[in-house]
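Asker: Residue-level listing of the chains:
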Amino acid sequence: MSDSTPGRGPGDSGQHGDLPAGAETGSTNGEEAQASPHRVIGTPPPAQARSMLGAAAVNVPAERERELPADPPDLASAKRAERIVAALFMLSMLAGLGFLASYFIFGVHSVRNVLHSNLALGGTMALAFLCLGIGATIWVRRLMPDVELTEQRKPLRSTPQDRAAFAETFEEGADASQFVKRPLLRRTLIAATVPVAVAPIVLLRDLGPLPGKSLEHTVWRKGLRLLNYGVNTPIRPGDFSSPGGMITVVPDGYQDDFNALAKAAVIIIKMPPGVLQAPTVMNWTVDNIVAYSKICTHVGCPAALYEQTTHHILCPCHQSTFDAARGAKVIFGPATRALPQLPMTVDADGYLVAQSDFTEPVGPSYWERG
Amino acid sequence: MTTNRALGGVGGYLDDRFRGAQGFRTFFRKIFPDHWTFLLGEIALYSFIILLLTGTFLALFFKPSMTEIIYHGSYLKFDGQRMSEAYASTLNISFDVRGGLLMRQIHHWAADLFVAAIMAHMLRIFFTGAYRKPRELNWLIGIVLFTLSLLEGLFGYSLPDDLLSGAGLRITQGVLQSVPIVGTYLSFFLFGGEYPGTDIIPRMYILHVLLIPGLFMALIGAHLFIMFHQKHTQMPGKGRTEKNVVGAPMYPYFMAKTGAFFFFTFAALALASTLAQINPIWVYGPYNPIAISAGSQPDFYMGFLEGSLRIMPAWQWVVFGHTFAFNVFIPGLVPLGLVMTGAAFWPFIEQWITGDKREHHVNDRPRNAPTRTALGLAMVSFYGVLWLEGANDVLAQHFDVPLYTITWIARFAVFIVPIVTYIVTKRICLGLQRKDLHLLEHGVETGIIRQLPSGEFIEETRPASEEVRAKIARPEPLALAGAKAEGEGEADVPPPGMRGGLGRVKARLNKVVTESIPVNGHGTNGHGPNGPGGHDEDEHAHAAVGSGGQESGTDQPGA
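Chains as they are written, first to last, in my numbering: chain A, 1 to 370; chain B, 1001 to 1559.
This is chain A alone, in the form it adopts within the complex:
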């Protein structure tokens, strides 16, 4: 281990001189020119060097031991390692060529093709990088001579002189700018920047409309039919042969309107007789069929799981659980409010329709909801 000489830090430029390369060649004598290569790491002894640098490093000691050995100790082992590394690099090159070839050989446009293409492209790419990585690692570990150098830390804090000089410079500048002396200028300047600073925030105002009362309503209204989502057909109470699972329904005419559906999605469940009880509103049910909002009152995921035996509606996101037999009140999980019930009846043709909109806001809580 050899300590770095302090003269090699960036702060010691005086020792080396500051001449750019190639400048002032010939302005010094030959001995100095010979000494100059020593400032460059890894240069051969002066006799071999024919420097164009000129007298760059007059004060550098004539003989400096090299810090990094030129060769590893075991040259035979290094030779073997060299072959291994070269083989790995060749393999990497072949894999790289394989990647290029795969790009043209394997087509896409079908799941099967894509699988093959991905396997070939990814495999060759991984192999190419892996061989490069292993090769480079062996290179470093087996071919480069082992070194451990020590570099001195300089204190991070400036010297008191530098600090004082900076303080002076700063104050001189502040004085010259008149910023401190003329409060009128200072204050009006600050006053002038305030509106400009506020402007970007104001400019964001049109990112969206104000909420207003929009969260309190959905598109449901009196007489709007409930459509069986997916097939989009209206539903008659008689379509349920027996009590059963949960059906997702959407308002007629809005089956493709995501903005409407994000609030108006509804689930209907046909219950066995006598199961439905308060706080379910019986007047809003038809023939033991009850309709609840599908939008979880926690953070708005669709409450999509239904367990028939227990009448539990479960939201898969955070497992809020609602009792479908008792007005969908919360029985577990983070939701605080029951799923709102949709007032439902049948129209003249015997199809399920809404009596009105929901009587309370659906979906997650919000500040103005109350």
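Since the hints were derived computationally from the structure, they do not count as laboratory data. Cβ atoms here follow ideal geometry from the backbone N, Cα and C, with glycine treated the same way. Warning: the hint list may mix true and false statements.
Simulated DEER-style distance windows between Cβ atoms [as the list claims (entries may be wrong)]:
1. A:Leu305 / B:Pro1518: 55 to 65 Å
2. A:Met93 / B:Val1010: 20 to 30 Å
3. A:Pro160 / B:Gly1023: 20 to 30 Å
4. B:Asp1400 / A:Ile138: 45 to 55 Å
5. B:Val1283 / A:Gly253: 52 to 62 Å
6. B:Trp1317 / A:Ala348: 41 to 51 Å
7. A:Ala101 / B:Ile1428: 52 to 62 Å
8. A:Gly253 / B:Phe1345: 52 to 62 Å
Chain B: place on chain A using the hints.
Answerer: Chain B in isolation, oriented as in the chain A frame:
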């Protein structure tokens, strides 16, 4: 000749114009200390570069639009189906662009690796005390980068507009909307109106590909520049002091090693993307606000937020017609805020408690800062419980435990486990300190049994090697300024810094934070593990022979 090679041609041309020889010489000779944990930050950096490369490729084909179209592409199952252009173009990247699926998968794997590497890197910095002066500001930059990486990840995986990420987006919106006073407005401004609207994907896209990566580049640049300027920390070892850096130079050693490491990172990501499918959006289907798949899990780094939402009891206040949705905004904001704010303030809290304003360049071994290590692991376990709870449905299924039971366990565990972790970790650290101290004082057991003239059998020990001793030597904690010296009595007037309520708190905290097994005599010479002097040699020799006075001092219950 070599000089000609180095400073002729291009080098000379540039040096004629920029005078770089000296600066680059210093740069080339910059010393990089070696420790495997120093690679964690590099993984993050290289993942980021890979993210930029693959992300640029994806951006050439991706259409950040929520305009509905009818799909007629190569994935026949969705032929004729309505979907957003964003989703359709992601399908096209996967099935109709050569190498597109590979790039998508590398991008996604790299994002996960990026966040994971940042986490591991942060934990390394924390547990080794590498955040201490003069590196506190770089620690803060790191925390901002970590927070940004979570946001960037969330926006990124929401872009394809598939059913899985759509659920995540819906949850994000629900949490945003729950924020008291401004929540509804924030949500309306972010989404351009009611959820889902048609603005969110283009908006997230520009944040994801321009604003946040720009911030990343600026902050990563600052992060690296500061690290470079302040020089690396190093783990304790022979010849390593607070005043030097020991290692191999940048050129050629570190350049070659780090180049190799970049290739390994890329190779690992390419291999993962070849063999392990990630985010198969065609399996989830296009987004639809009224559909969801059971067992949907977010990317791993969002799991703890999911868990904290699941764990929260249904608490809510309605006051004067306004809703405080504690059940949503507490789990949505508090755990993240707790971890991030705690991490951000910790260096300054620790400085205040210990009064240690010195520069630190030699890292602590985690055991040598038991309270810090215990606090850190308590935080990790807190995060871990939330993260596991985020997969409670998966756990319930795999281990056949009722879902609600797991949630109830987690509701208690989230408080109990960190406390237990704290206590256990601290005990383990102190135990490891005793082990180190034993090694320092009694040396290495040789297995040679010797009979003393008195007939007593002892095992011969030899002093631990200089390398080992330098590695395990423990820097003495700085006594709190004005604290009592050893000999002083109990009845002394407390020093000025310890008076008053705050002072007493500080004194008490100081006692906790600096708790360690006392080092007997001069077992370590201050904070300079600089190779022990002759005095230490004597003491070790003495200790090796005098094993009759077994464990003198090491087992004092002073802790």
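Asker: Now look at each hint and say whether the structure bears it out.
Answerer: Status of the hints after comparison with the structure:
Judged by the Cβ atoms, the range 55 to 65 Å given for Leu305 of chain A and Pro1518 of chain B holds: they are separated by roughly 59 Å. As the Cβ distance of Met93 of chain A to Val1010 of chain B is approximately 26 Å, the hint placing it in 20 to 30 Å holds. One distance hint, 20 to 30 Å for the beta-carbon pair Pro160 of chain A and Gly1023 of chain B, holds here, with the actual separation near 26 Å. At about 49 Å, the beta-carbon gap between Asp1400 of chain B and Ile138 of chain A stays in the expected band of 45 to 55 Å.
For the hinted restraint 52 to 62 Å between Val1283 of chain B and Gly253 of chain A, the CB-CB distance of approximately 31 Å leaves it violated. Distance hint check: the CB atoms of Trp1317 of chain B and Ala348 of chain A are about 46 Å apart, consistent with the given range 41 to 51 Å. At about 55 Å, the CB distance of Ala101 of chain A to Ile1428 of chain B agrees with the hint of 52 to 62 Å. Distance hint check: the CB atoms of Gly253 of chain A and Phe1345 of chain B are about 55 Å apart, consistent with the given range 52 to 62 Å.
Of the numbered hints stated above, the single one contradicted by the structure is hint 5.
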